[in-house]
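Participant: Chains A and B, in that order, are what the protein sequence lines are.
Taking full-length UniProt numbering, the leading residue of the first sequence gets 1, the next gets one more, and so forth.
Taking full-length UniProt numbering, the leading residue of the second sequence gets 1, the next gets one more, and so forth.
Calculated directly from the structure, the hints in this document are not laboratory data.
For clarity, every value in this text was computed on a predicted model and none was experimentally measured.
Careful, some of the hints might be misleading.
[What the hints assert, rightly or not] Partial chain A-side listing against chain B, Cβ under 8 Å, derived:
(1) ALA139
(2) PHE143
(3) VAL144
(4) ASN245
(5) LEU248
(6) GLU250
(7) THR328
(8) GLY331
[Stated by the list, open to error] Stretch-level coverage of chain A by chain B, calculated; a stretch enters the list once three of its residues show a Cβ under 8 Å from a Cβ in chain B:
(9) 120 to 127
(10) 168 to 182
(11) 286 to 299
(12) 302 to 316
(13) 344 to 350
We put the CB at the ideal spot given by N, CA and C, even for glycine.
If you want the building blocks of each chain, they are given just below.
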Amino acid sequence: MMLRSSRATSTLEAGSPPGDDVLPGASRPSSSRPRTRRAKAGATAHGAEGVGTIERRRIPLRSRLRRDWPLLLLVLPALLQLAFFFYLPSAFSVIAFMDYSPYRPFWENPIIGFTYFQMLFQDPYFVSALINTLQFAGAQLLFVFPFSIMLALVVHGIMSTVLRSTFQSIVYLPYFFSWVLVVTIFLQVLGQDGLLSRWLVGIGAERLQIMNDPDTFMLLAWMQWTWKDAGWGMIIFLAALAAINPSLYEAAAADGANRWQRLWHITLPGIRPVIVLLLILQLGGILTVGFEQYQLQRQAVGWGTAEVLDTFVYYRTILASNGESIGTAAGLFKGVIGLLLILAANNVAHRLGEQGVYQRS
Amino acid sequence: MTAQIQLFGAKKRARVRPVWDEEPSIPTKILKGLFLAVYAGAILVPIWAVVATSLASEEALARAGGDLVLLPSDISLQAYREILSGGAVTASLLFTMLLTAIGTAVSLVLTVGAAYGLSRPGTLWHSKILTAVLITLLFAPGMYPSYLVVQKLGLLNNMWALILPVCFSAWNLIVLRTFFMTSIPGDLIDAAKIDGAGEFKILFSIVLPMSKAILAVIGLFYAVGYWNTYFLGVLYTPGMDVKPIQVLIQQWLLASSGPTGQDAAAAAAISSGMKNAPAASLKMAAVVCTIIPIIIMYPFIQRHFTKAVITGAVKG
C-alpha cells in the first residue's frame, strides 16, 4: 500500500512544473551540468549530482572511508534487508530452471532449462489464471482509472471548501482499509443475507447473488476497486489539477474558449504527465493485480473466475507439493514481463516527450 | 510531494470562482451534487451499518429481523465487552498492535538511515548503492523464492516473518531522501560540521527535528500497512496460535460461510465462550475494532500533510 502512495508522491514530483517554489531545483533539467556518473535507474536522482565529483575521485579510498563511514553505516541495515529479501530471493529464482525438490540440498538439484516454462503454457490452470489476470488489469485500466479522473474533475469544481474537504476525506478513507475489511463489508451489504438482499426480499424480489456469481464477478471486482481505490486516484489527480497555472484558463477564457474547450486544451494536457506516469506504473504491474482480493473471494466464485497469477502460485507451490519449480517459473515469468513492460512503456513515454518514471540516462 | 502538499494546504484557503469562469447551469449542478452524494453514501452507509450492528442489542437485532441493521432500536456494548474480555479476538488485537508498533519502528529506522546515508551525492559508493536500491522498484522476486528465504532463515510462524520481508520500501526512501536533499538547508549541515558535529549528531539534532511532519506521514503509512497484514500472515505464519487481526476476521467472517468443515471449526473456535451477545454483533464489533485504529490515524495523516506544507513553504 505504501508502495502506491509513494508512487503517487514521486509522480507529483515528475508532474510539477520546473522551478516550482516549494522544492527549488527539484525538477530542473540537469543538462547544463557536466555529465558525471549518474545513477542509471535513478527514479528521482535529480539535483546535486556531484559537482566536484572529479576532485573527490582523487581522494584515496581510505580517507573517503574515514570520512563517509557513518553514512555507509546508516545505509547498511536497509542494504541487508534488500540483500536478504530482494536479492537473495531473486537469485533463488533459478529454481525455475531446476528440477527442484526441497528435500535435496540446494546444489544437488539438476538444472533442466526451460522445461517448466513449457509445462506452464500447457497448463490450463496457468493459462486461465493468466487470462483472468490480464482481464482484471485491463478492466482496472479502462474503468477505474478514468473514473478517478472524472471524480477529480467534478470535485475540483466544488467551490465550497468545507464540502470539498469533507468529500475528499470520505472517499479517500477506504483506501486505508484492508481487502479483508472491504470484502467483509461488501458481503454484509451485497451478500445473499446482506442488507440489500433483505430489503429485496421484503419488497418481494429475489436475493442478490452477486457475491457468489462467477458471471458477474468482474462487475463486483469493479465496484470493489472503485469503492476502495478511486478516492486515492482522485487525490493524485486533484493534486495534478491544483498544479495547473490558473492564468492559462484565464487567457483561454479571454480568447473565448468555453468550458469543454478549456477542459480539452488546458486541463487534460496539464495532467497528462501524471496520467502517463500512472499508466506506465499500471502497465508494469499488469500481471500483479494483487493477491488478497482474489484469494478472499476465490471460494465464493470459484477458481475459474477469480484465479490470478499470484493465487495460482500460492495454491500451486505453498499449499500443494511438488509445485516449487513450476510456481517459481510462473513468478519469474511475471517478474520479467513486468520489468520489460515498465522499460518499454517508459521508453515510449520518452519518445512521446513525457518524463516517464525515471530520467533518460 | 510538492503538489500533494500544496493540495492539502490549499484546502484551508477559501476559493472564489474566478470572473472568467461561468457559473454551471442548475441541472449540471444538481447532477453533480447527486453523483457526489450517491458516491459518498455508497462509502458511508455500509460502514455505518457495520457500526450500528455492532452496537445493536439482541432484541434490536431480532426486531430488525436480520444480521445487519441501520438504526438499532436500542444500544448495547455487550458485544465489545465479550470480544475484548480475553479470548482469541483480544489476543489477536494485542498481537497486531505489537506487530504494528515494532514494525513501524523498524521501518522508520531503516528508511531514515538509508535516506540520510544516500542524501549526499559524491560520498563513497553513493551511486552504486542508490542503483542497487532503485533496481528493486523494477522487478519483484517470486512468491516461492521469498518463501524459501523466510523458511531457511527459520522465520516461519514467527512475528518477524511479518516484518522483515516488508520493512523497507524504496518508494519511501525516495520520498524522504528528496525531502532531506531539498528541504534541509545544506548550509545548516555545513555549519554544524564546522562546529565539529559528526553525522549522527547532525542527523539527530538537526535533520530529524526538522522532518517530524514527513516522518509522521511515512510512519503512518507503514503503520497502516502492518495493521492490514493479511497476505503475509496467510503465507508465512499459518501455524501461529495468535493470528494477525485481518487473518482472524477472514477465518471468522469470510471462510466460515464456505463449505469446508475445517474452516467452520476454526471460526467456531474463535467465538467459543462468547455466549452473551448475538453472533452478528460480535462479528461486526470485531470489524469495528479493526477500523477504529485507521479512523484514529486518518486525521493525523491529513493534518501532518498540512504541517508538511508549512515546513516545506518556509524552508523552500
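Participant: For each hint, tell me whether it holds in the structure or not.
Facilitator: Going down the list of hints, with the structure as the test:
Below 8 Å, beta-carbon pairs count as interface contacts, and ALA139 (chain A) has none with chain B, the closest being about 19 Å; its hint is therefore violated. A cut of 8 Å between beta carbons decides the hint on PHE143 (chain A): the least distance to chain B is about 15 Å, and the hint is violated. The beta carbon of VAL144 (chain A) comes no nearer than 14 Å to any beta carbon in chain B, farther than 8 Å, and the hint placing it at the interface is violated. Violation of the interface hint for ASN245 (chain A) is found here, the shortest Cβ-Cβ separation to chain B being roughly 12 Å, above the 8 Å cut-off.
Taken as an interface hint, LEU248 (chain A) does not check out: its beta carbon lies about 11 Å from the nearest beta carbon of chain B, beyond 8 Å. Annotation: interface hint on GLU250 (chain A) holds; nearest CB of chain B at approximately 5 Å, less than 8 Å. Against a cut-off of 8 Å between C-beta atoms, the interface hint on THR328 (chain A) holds, since the closest Cβ of chain B lies about 5 Å away. For the restraint placing GLY331 (chain A) at the interface with chain B, the shortest Cβ-Cβ distance is roughly 2 Å, inside the 8 Å limit, so the hint holds.
Counting residues of the region 120 to 127 of chain A whose CB lies closer than 8 Å to any CB of chain B gives 0, which falls below the minimum of 3, so the coverage claim is violated. Proximity of the region 168 to 182 of chain A to chain B, defined as three or more residues with a beta carbon under 8 Å from a beta carbon of that chain, is established by the 12 residues found. Against chain B, the region 286 to 299 of chain A contributes 6 residues with a C-beta closer than 8 Å to a partner C-beta. That satisfies the three-residue criterion, and the hint holds. A stretch counts as covered by a chain when three or more of its residues have a beta carbon under 8 Å from one of that chain; for the region 302 to 316 of chain A and chain B the count is 3, and the coverage holds.
Judged by the Cβ-Cβ criterion of 8 Å, the region 344 to 350 of chain A is not covered by chain B as claimed, because only 0 of its residues qualify and three are needed.
Checked against the numbered hints above, the structure violates hints 1, 2, 3, 4, 5, 9, 13; every other hint is satisfied.
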